[in-house]
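Protein sequence lines correspond, in order, to chains A and B. Heads up, the first sequence is in my numbering, so the first residue is 38 and it goes up one at a time. Heads up, the second sequence is in my numbering, so the first residue is 469 and it goes up one at a time.
Hints were generated in silico from the structure; no laboratory data involved. The reader is advised that the hints may include incorrect statements.
[Unchecked claim] FRET-style restraints, in silico, Cβ to Cβ:
| no. | chain 1 | residue 1 | chain 2 | residue 2 | range |
| --- | --- | --- | --- | --- | --- |
| 1 | B | G623 | A | Q262 | 54 to 64 Å |
| 2 | B | L751 | A | V56 | 49 to 59 Å |
| 3 | A | S60 | B | H491 | 50 to 60 Å |
[To be verified] Take a look, some chain A residues computed to stay more than 10 Å from chain B by CB distance:
| no. | residue |
| --- | --- |
| 4 | D58 |
| 5 | G79 |
| 6 | L104 |
| 7 | G113 |
| 8 | A158 |
| 9 | T175 |
| 10 | D177 |
| 11 | L201 |
| 12 | A207 |
| 13 | A259 |
| 14 | A276 |
| 15 | A294 |
Quick caveat, the model's predicted, so the values are computed rather than measured. All C-beta atoms in this analysis are idealised placements derived from N, C-alpha and C, irrespective of residue type, glycine included.
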Amino acid sequence: MTAAAVDAVTGLAAGGGVVLDLSDEAAEFGRTAQRALETAGGDELAQAAEREPARRAELVAPVLDELGAWDLDPRGSADELEAAAALCRAAGWWAAPYPVAQRLARPAGGDADALFVVAPAAPAAPVGGLDLRLAAVTLDGRRYAATARESDVPARRSAFVVGLDLAPLAGAAADADAAGGQADAALGLVLGCWTLLGLLDRAMTLTRTYILEREQFGQPLARFQGVQFQLTDAEVERAGVAELAGYALWSIESGQAEALDDALALRLAAVEAAETVFRITHQLHGAMGFCDETTLSWLSRYSQPLRRLPLGRSATQDALASRLGRRGLAGIFGPNAMAATK
Amino acid sequence: MEYDLGPEAAALRGRLRALVREHVPADYLGAFTADPADLAIAQDFCRLLADEGLLCMAWPEEFGGRGASLWEQTVVREEMWARHEPRGAQYMGVNWVGPTIMRHGTPEQRAQHLPPIARGEVIWCQGFSEPGSGSDLASLRTAARPDPDGDDAGGRAWRIHGQKIWTSYASMAQWCFLLARTSSSGRRQQGLTIFLVPMDSPGIEVRPIACMMGPHHLNEVFLDGVRVTEADVLGEVDGGWAVVQEVLAFERVGIARYARVERLLQEAPAALGDAWDELPAELRGRWARMLTHARRARLLAYRVVSRQGTGQVSPVDSAAYRIAVTRLDQDGAEVLTEIAMAAEPDGEAGAHVDSVDPRRWRRAVEDHARYAVASTVASGSIEMQRILLSRALVAASGAPSSAQPGTAARAGAAS
Ligand SMILES: Cc1cc2nc3c(=O)[nH]c(=O)nc-3n(C[C@H](O)[C@H](O)[C@H](O)COP(=O)(O)OP(=O)(O)OC[C@H]3O[C@@H](n4cnc5c(N)ncnc54)[C@H](O)[C@@H]3O)c2cc1C
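Just chain B, same shape as in the assembly (with noise of 0.2 Å):
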């Protein structure tokens, strides 16, 4: 057995760090917030990681990568989450929009796209959820109509009418990977077609939904007769539901979210100075509970990797893992909530100090546990992942798959 990631995924872990603590500021809390610095320090940064090669170095060569392995993906998205995403929303450029326009673009679109995302220059949003389809994703009604006048190359056109919510940074995304219905005849999966549009295009508005996790990231977007052609669709016209869960698969292993909260427990006793001793010892118990759970996560994490190197993850896998990790982002929320809450407010770290700042912590911890709440919903709801798990469970004891309403939905299951 081997648990050691070994010394090129330490080497590219101190760099990694190195880069963070020369470019990012120790107090950063992510690109969403209301100060535009720090949108624009997670332009720089990408600029930055983009140049050294390091934004984009899973994707293979003449698509501006360096073909790096699994790990070495592991070990980027470990140390950026841990430092609150100084990708800033282009993650997902990374992630899964840009392997994404590799497997279904055509060669005009993947010159189109690529570049700019291996770049680090382009924001793109994900139009996927509707007012009134969330879980039940298959069953939106924003609808591209064939638009009579058709494209100037004598190809189809069509105007789309309708309305997508919970867009993450669509106010400042200038692409939209949207979701839209082409047809209404035959299963409601069939239907539906995937448009690259620009977010500039006439007839889009953004409005900003004001929650509790912060700025930028609930939007809503009103599609209003906005014009796209054959050479905006993504795959084929009818044939988005398969891209769709392609989607929803690379995005539910995307964020190593126990990264960021192994981070956080880890710092608690530097953070805390003398007042650590002063804890409860029941708090101090459930801290290193919490720990075990990181860990435990960490490696549901690393099974899912380590599967997908040969080709064979299972739902069993995936679904497991991103219940667990979820669950972590919650509950780990809870127990440094309640450690940062025995501090006192203002009081600097003391004689024990490494290099942790108590301030820094404190708000880093205010940040988690406001954008925890919705790590179990967004992507999918946590009961998506359990409706898959429990599926694959009982099915590979050879019985047939259960047929529950709701299971054709947004958790990536191949229904």
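Here chain A stands alone, though its shape is the one from the complex (with noise of 0.2 Å):
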């Protein structure tokens, strides 16, 4: 065969300059983290902060910190963007328990510590047994201060989530235009996502390794066609979550005007995604999978927080499609689809 033909077939001639990795220096910052957080004790850390909440920050914001994660600024580049996306990726596969996607979103201008995005109707977030200043905005890009209530729930049932008092912004932040606004609640959310999928490669992950040990009518799990197509529709509903993760970052990182149909898009897949994998995971570990001893449990029981807030699956919906109207999602026919062919 001539090197044309294997050209033709391979198809590897250039082109195109799509890229839909993040940068391999955000990909190696993400490693560092992921190792640094297992030398803190990786599993244990959510283990120790549902014992005694008020250690959540001690446990987490140091490791970080040493990191470099709080100099990041992801509304000041794309390197740094996707750093922190990396970053939120790697907290969600240990379940690190610290609002590490909201302390990088937290709104320039240094009167906050973190950025929750809230649904005004029940505004809430995952901060019991911290002490940070906290702002929120919502969908519509409405920014607030707000405090956290007191709460008597145990970490164990609440995932640390408690009900938040907003107070409107006074002053210049109060008068930004919706735009910034709505620019935060799409970093928000996305680095949200980003957590919550680095959650599902960890329950993935632990689930694969389980039905290859784990053996019943003399051969292990993974044997049984049955298992093995339950995992496979798990796999497919995280591979298509870490793909539209990428592209509600990029939309932001390069400041496309429907970043927040992106995001909104993203977090509504990732929810639907959340659900269909810990249903699985679960159901392969068998009864082992509620147990304390595994990791799954712990897992499942803090990922409900990102699963639930601000919005769970109807209500993203809604938001999403009442966003889209009549426009659609951007695409090869949507909205910015035949400007960009003229």
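Dock chain to chain to rebuild the complex, using the hints, since each chain is given by itself in its own frame.
The following block contains the structure:
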């Protein structure tokens, strides 16, 4: 076969310039963070935080401080945004008991340490046991200062979620255009989804290992087609979220007008995927998956705030649909498509 | 990161859209209808694309192409599938018959077959499936038995007896890419050979099968002593299985199903006009969700394409894509049909019309929905993809891959 024929088949001809992955530096930063969190306790972190919620900050924040995480400005450059996303995914892998994404998304200006996207009807956030100055933003871009309410629900049941009191911002920040607030909302949603993606990665990895080790009927569970097919259903969902997470990140870093649409689309897919992935990974772990000694049970419980806040599946879908109106979603036939082909 | 395919891709997209607008009727629903005029449109359009250098742009220059990039090929696939494939059955020649002949064909076979494919003049069909052999393709029984007379040049010849089924476009095809058994010793996969057979050979009979997708999609092909010689063998005698795996791998990424779903979804509000605002909010929510799924399938396709660029396509990527995109076809059809039914059957669009003719849109939705039922079966059922994906996932963690029956199947598995 001629070299030209090989090219035609494998399509090695150059072109496109499409880049679907985080920069090498960002990916490396993510791996470093994952190792650092492992050294700091890994799966033990969530357990220690649950016993003593007041220790949440000291368990996680200094490790990330040492990596320079809090110097990242995700609004500042594409590189920093991608590094932030990689960090969130690493935090998700360990279900790190700290609002890493929300701290990274803190508003510019230094008035708050963390930014939470909230639903105005029932503002809440997993900030129990933390001493942080909080900012909040709604999906339509309204910004607030937030204070955490007292709660006597144990972390084991609340997953650190407490109600928030919102106070509209006074002065310059309140006057800021809604677009700025919507950009904040997009950033908050997207980084939160990167964290959830890390949880899904881990749940899948644990389940793969489990079905290879656990034997029934004289063979590993992985040999049963019924088991294999469930695993593939979960993997297709997880893989789809990974792609949409990349897209939504690019949408922010390249300043697309539809960044909030893209963030909501990602969030809808991520919440849906989490439902499938956790149902299946629990199912394939059998009774073992519910036990404290099994990491899956910790991931499953601490995935809850990420899946339910600010909005669960139906409300996210509603919010996306009303934003899209008749316009639809950007794509090859979407609102910006014809402009691109003129 | 960069998700924009870039200005060249956009220019190509614009050019293809202009050509379609000018040369393909707006209400065109593909070449496979009872109306021969639709086939003629596809024949003409293929010639036009060939003249414009757009039909086989991905092929190397020596075979009549211009070595276009994978991303340009992706744009072509998207635009053609979204417009109901105005290339007709010829897309198969471009996507997999030609490339496979480039890889495995003799100089004579390349010279004979590639130019007509590149000019869009010839239709091929794929003779793999048999009544007793679908997913378990290697069990096929159509047999090529040695013809003692041999060929004129003193080489070998065979007589083929058997039956193929589900053969798309067989009644319009001039050539068949036929898989037959040449040996029954050894493993089942080892005794199979690809023959390139003219459909007008004595002993071939085609019978159409009426089906819900419409005419031409499914046929039976009976082979009664069809004579073939060594010159008709593609690749090695008894070496056909490896070629089939390549064909299936090409085929799996060859159709951008997500593009048609995305287009129909995007057009829905304009097609419904004022009725759009009367839809239940839940249905508009499902529409938004389906748009998200269409994007997801497109990005999974781009993942496969970008890995092709670096020569590292893994079954994890291609099977995940195919599972997602074939499901999208069906889930999208459900939502689109429900939206279409909410519009008045003969109503004109209301105040919000952009450029979408509501009747054309509803017919396209109906056509899509009938075709989508088959998407998880055609080119190998979705279960074969799940087997491939789960094997790869399990193998990725260092364990032996499982030995389920059916894994050496029509999944493109390298088994
Ligand atoms: C529209 C259309 C066009 C086609 N065009 C062509 C063509 O041009 N040329 C050609 O050769 N063929 C063609 N086919 C045939 C196609 O390749 C086969 O339909 C496909 O490979 C499945 O084979 P089958 O239909 O015999 O189903 P079977 O193999 O009988 O399987 C039926 C169902 O059983 C399940 N199943 C089977 N095996 C397993 C397993 N091991 N594990 C779990 N589940 C399993 C799957 O759900 C499968 O869908 C076409 C089919 C369609 C629908």
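Need the list of violated hint numbers for this structure, in ascending order. 1, 2, 3, 4, 13, 14
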